[in-house]
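**Q** Chain residues, written in single-letter form:
Protein chains: 4
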Amino acid sequence: MSQLCEKFYAKGWFPGTGGGISVRIGAGTEADPYTVFSTPSGIQKEDMIGDDIFELDMKQNVILPPSTPGLKLSSMTNLWYVVYHHRPSAMCVIHTHSMNAQLATLLDSTEEDQVLRLTHLEMLKGVGNHSYECMLEIPIIDNQMAENLLEPDMTRVIQEYPKCNAILVRRHGVYVWGDSWEEAKTRLESFDYLFETAIQMKQMGIDFSSVPPSKKTKTSTKRAHNEI
Amino acid sequence: MSQLCEKFYAKGWFPGTGGGISVRIGAGTEADPYTVFSTPSGIQKEDMIGDDIFELDMKQNVILPPSTPGLKLSSMTNLWYVVYHHRPSAMCVIHTHSMNAQLATLLDSTEEDQVLRLTHLEMLKGVGNHSYECMLEIPIIDNQMAENLLEPDMTRVIQEYPKCNAILVRRHGVYVWGDSWEEAKTRLESFDYLFETAIQMKQMGIDFSSVPPSKKTKTSTKRAHNEI
Amino acid sequence: MSQLCEKFYAKGWFPGTGGGISVRIGAGTEADPYTVFSTPSGIQKEDMIGDDIFELDMKQNVILPPSTPGLKLSSMTNLWYVVYHHRPSAMCVIHTHSMNAQLATLLDSTEEDQVLRLTHLEMLKGVGNHSYECMLEIPIIDNQMAENLLEPDMTRVIQEYPKCNAILVRRHGVYVWGDSWEEAKTRLESFDYLFETAIQMKQMGIDFSSVPPSKKTKTSTKRAHNEI
Amino acid sequence: MSQLCEKFYAKGWFPGTGGGISVRIGAGTEADPYTVFSTPSGIQKEDMIGDDIFELDMKQNVILPPSTPGLKLSSMTNLWYVVYHHRPSAMCVIHTHSMNAQLATLLDSTEEDQVLRLTHLEMLKGVGNHSYECMLEIPIIDNQMAENLLEPDMTRVIQEYPKCNAILVRRHGVYVWGDSWEEAKTRLESFDYLFETAIQMKQMGIDFSSVPPSKKTKTSTKRAHNEI
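Going line by line, the protein sequences match chains A, B, C and D. Counted the way my numbering counts, the first sequence spans residues 5 to 232. Counted the way my numbering counts, the second sequence spans residues 5 to 232. Counted the way my numbering counts, the third sequence spans residues 5 to 232. Counted the way my numbering counts, the fourth sequence spans residues 5 to 232.
One or more hints might be untrue.
Where chains are identical, the list cannot tell them apart; a pair therefore holds if satisfied intra-copy or between any two copies.
Lysine-lysine pairs mimicking DSBU-like chemistry, simulated, CA-CA at most 30 Å apart [claimed, not checked]: (1) Lys219 / Lys63; (2) Lys11 / Lys219; (3) Lys15 / Lys206; (4) Lys76 / Lys206; (5) Lys15 / Lys63; (6) Lys206 / Lys63; (7) Lys129 / Lys76; (8) Lys76 / Lys167.
Derived from the structure by calculation, the hints contain no laboratory data. Just so it is clear, the structure is predicted and the values come from calculations on it, not from any experiment.
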């Protein structure tokens, strides 16, 4: 986890002490209960060492604190469990304050939109459950005074958008998960690339939520063909 | 190849598991048949190790799989052969999902353009077959549901644009090649620089496809002079 | 300090020989007077070695010069003392020429504004004394011919804005401090992220100084509730 | 020189095989003739090793070729001598294809301007001979089909702008020099920062060539005062 933290810090995704990572081990059955590992609160993630990790049981109780004294449990701890509960195969959740993620929540300047829609981009293949011509819908929830207060909205949208492996938090950042840390990282990079794409396309005057103009006829034909 | 992958990942050209590299060894004659090496599918390129490479013969048959078990052949494998077949001197092909390459395919917002044209830029010298005052024409093909389906369009444009060492794929990325990995990398960096230049010039209101205003008279004179 | 310098150079915050760092040790009482350590003037910070540091007493007298001969005291030395005097708990001050900081002082194109205001951004939590819904006010002072001439304006605004841990210098950069070097670095990264956010939001046509449109009703209700 | 090349490659200033560095040793007197060291042509600068350098005498004759066989003399070699001849104290010249430098030559979209003017920016202190309130004038020359053909225009403008330590080449890049490699690098970073500043300020609608609006009265007063 400390190596991932270094990589994400280098990308500017963990500014200050922002962002965090959680990994789960175990199936979550009675015979094989799962354990959750979580980065601590308020430390510079790129200087974290391997032992600066909290280990928790299925009921969010700390079973092993970090070896460095004085570290606090992250206020996003309960949010890891929202994902692990509603996405039984997820084994890793990553939260970043990426500039692209933050700005992607502001593409609708009224800030009323509850979802970001993207289609016809190759990198859609990287986020899971989507291919090039799919419409990706990423839910956006409003930010709260404290991170842990995001739980009700996260619980709601993770159920409303079962195909999407990410949740955007307005004026804040993004949560992304996968069935392994490799998959979570791959999806995170793909989502972030798509966020940047959306920001750039808007600036270029192109609607990222619509079928490309040159594809409109072809695509409808192809779809009809597929449906036969 | 793993060192190149690391470099390109650092530049943001291999987000998620996107992009890939192929190298060819051998002349392709009966006495000296060529062998193609290709990065595998769906792995994080920056963590690839030296042995995670497929080795294929001239008929696209795998003759040596990677030592890491479970790796799959990339769906862009047939595209390497399009280049190796139509550009007999090419010994290395690189495919990236660079943000600049992707956005360069959207500079015409109707997305009807089948070619990106650039002229009067010093870095034109870096892409092969072009000098400062040349008009570089890079073909743009439409993206498909699966990477391997790009083969017919790639086969068509690689013949239509014999001077160009790259093919852009709309809303996706770019393929670039050279007579060695060093040349492929050099051209890739030059193309990418030119893509970024075109994006920035459009934003600054400058037409990157036209002779600069201050050059119009001088250039036509010079050309006339050259032709004598 | 040399490791911090390397990190900040890599971020582009110390272009040329710009920027600097100071650390204070000691309580500043008669029994335990404090000592100030300062990076020297006019050297490339990323190549600085551990010993290239001036050590000064509470009256700005050099008590130990750097071991490398010929280094000069930085012209921002007196500014470190402005912070240490008016913020008794501050133990580290960092000055950068970050592009984001410089451009953030130009968001009001009349350049008459004496303060940059930001609200409803998660990263406000990273700058000290502020939470998500707070209005952050960062004073902007005009630049002077020499760095040390900034002292009167810095002395004035550090008292006028007791909640803010940074001072912007127009067309120049930013000063940020914290109770440890870790806190100063964390705040600096948070401020810089906020500067970039403001620049981007302005470009997207969003007013970063106002309550978000979708929050206006909710927030006023919540505030009323809090005040009861 | 190979370490500098690595640094500049990482910044994107040496895309492909673009850019180059030269260092001079010796006073240039009869008793102490100078020797010029130059990076070779057409190689990837970040992979250059220490010995891949040409050593030339005062008359541009090669006195020691690189140890790696097959390397060619750079076509910018004669341009190093333009600088060494007209700036007797310069001991290092650096040429980059920085995106900022290239775009800075296009800020006047008519491309008729022969000079880029910048004023009232702190980083002006980093380019040599200028302070905060000075007007920096950087000459822009038109690009040519071959690098060495830039000699006449470079020879003209280096004499016309004796205070400036850089020459911009339209749609190409920049040449910067200093009395040591450290000074050349410091100035280069400062110039590049100023180029980026100019590009950003134009996008923000601010005139980088004029005295800031809030300074107009004060400055004229101050100048009058200074002149007494």
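**Q** Determine for every hint whether it applies to the structure shown.
**A** Cross-check of the supplied hints:
In this homomeric assembly, lysine 219 and lysine 63 never come within 30 Å of each other (Cα to Cα): the closest approach is 50 Å inside a single copy and 34 Å across copies. With identical chains, the CA atoms of lysine 11 and lysine 219 are never at most 30 Å apart, being 38 Å at best within one copy and 35 Å at best between copies. Both within a single protomer and between protomers do lysine 15 and lysine 206 lie at most 30 Å apart by alpha-carbon distance, with minima of 23 Å and 23 Å respectively. Within a single copy, lysine 76 and lysine 206 get their C-alpha atoms no closer than 40 Å, and across copies no closer than 36 Å, so neither meets the 30 Å cut-off.
Taking identical chains as interchangeable, the C-alpha atoms of lysine 15 and lysine 63 are never at most 30 Å apart, the minima being 33 Å within one chain and 41 Å between chains. Within a single copy, lysine 206 and lysine 63 get their C-alpha atoms no closer than 43 Å, and across copies no closer than 44 Å, so neither meets the 30 Å cut-off. For the homomeric pair lysine 129 and lysine 76, the shortest alpha-carbon distance between copies (16 Å) is at most 30 Å, but the shortest distance inside one copy (37 Å) is not. For the homomeric pair lysine 76 and lysine 167, the shortest alpha-carbon distance between copies (25 Å) is at most 30 Å, but the shortest distance inside one copy (33 Å) is not.
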